[in-house]
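Trainee: Sequence:
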Amino acid sequence: MEESRQGEALPAEGTKERILREALKLFSTDGYEGVSMRRIARAVGIKESSLYKHFAGKQEIFDTLLAEMNRRYRSLEASMGMKGEAVPDAGLYGGIGTDQLAERSVELFLYYLHDDYAAKFRRMLTIEQYRSNEAGEAFRRVFLDAPLRYQAELFSLLSASGGFAAEDAEAAALHFYAPLFLLLCQYDNQPEREAEALEQVRRHVRQFYRLYAGRGQGL
Numbered sequence: 092m093e094e095s096r097q098g099e100a101l102p103a104e105g106t107k108e109r110i111l112r113e114a115l116k117l118f119s120t121d122g123y124e125g126v127s128m129r130r131i132a133r134a135v136g137i138k139e140s141s142l143y144k145h146f147a148g149k150q151e152i153f154d155t156l157l158a159e160m161n162r163r164y165r166s167l168e169a170s171m172g173m174k175g176e177a178v179p180d181a182g183l184y185g186g187i188g189t190d191q192l193a194e195r196s197v198e199l200f201l202y203y204l205h206d207d208y209a210a211k212f213r214r215m216l217t218i219e220q221y222r223s224n225e226a227g228e229a230f231r232r233v234f235l236d237a238p239l240r241y242q243a244e245l246f247s248l249l250s251a252s253g254g255f256a257a258e259d260a261e262a263a264a265l266h267f268y269a270p271l272f273l274l275l276c277q278y279d280n281q282p283e284r285e286a287e288a289l290e291q292v293r294r295h296v297r298q299f300y301r302l303y304a305g306r307g308q309g310l
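Taking our numbering, the leading residue of the sequence shown gets 92, the next gets one more, and so forth.
Honestly, the hints are just simulated from the structure, not real lab data. Don't take each hint at face value.
Unchecked claim - Lysine-lysine pairs mimicking PhoX-like chemistry, simulated, CA-CA at most 20 Å apart:
1. Lys107 to Lys174
2. Lys149 to Lys107
3. Lys116 to Lys138
4. Lys138 to Lys107
5. Lys174 to Lys211
6. Lys107 to Lys211
7. Lys174 to Lys138
8. Lys149 to Lys138
9. Lys116 to Lys211
Using the sequences provided together with the hints, build the complete structure.
Mentor: Here it is, written out as structure tokens:
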């Protein structure tokens, strides 16, 4: 059992998860550099010395948050029947229609818009990317490089199969992903405009479909 700063006992089980949750909450509002280990301990309700029993420092907390974000996204992909790799996913998207593609895109958009962990993680990296080289690298890797690389590989495979008209798969990836990321930034933290946001997502995806796979076949 750990002793809280108020003298109350906290069960050892779950304390690590609580530390991560409170740290992410603080990082998402004040940035990684703006939050001390002492402040995290205070938010959790434990002594700073107890915090170091679970994590060696903020760097380990950050690394754990990043690993957890990756785990959660892979779990989401699995629930949608995706493998997260272009080769197996090409078969999935090869037979998909415009309405299915639009709704799948809406599902992913809503995840990043509403999932508390994903939203806070993105805000943390957005805030910190210009103050921390590591945060900037993580931001580019998670939200820019990785999705663009995956989609470029996917579109290249689909183009080779004849169901997708893209001479430049990397440009097609930009055409698809950039508006979705822009819309996420535009409508973030505006719940009253959610219906508008989702309609914009559907319109974008349907137009993309018409431009690149507009012959009534799958992407």
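Trainee: Tell me the hint numbers this structure goes against, listed in increasing order.
Mentor: 1, 5 and 7
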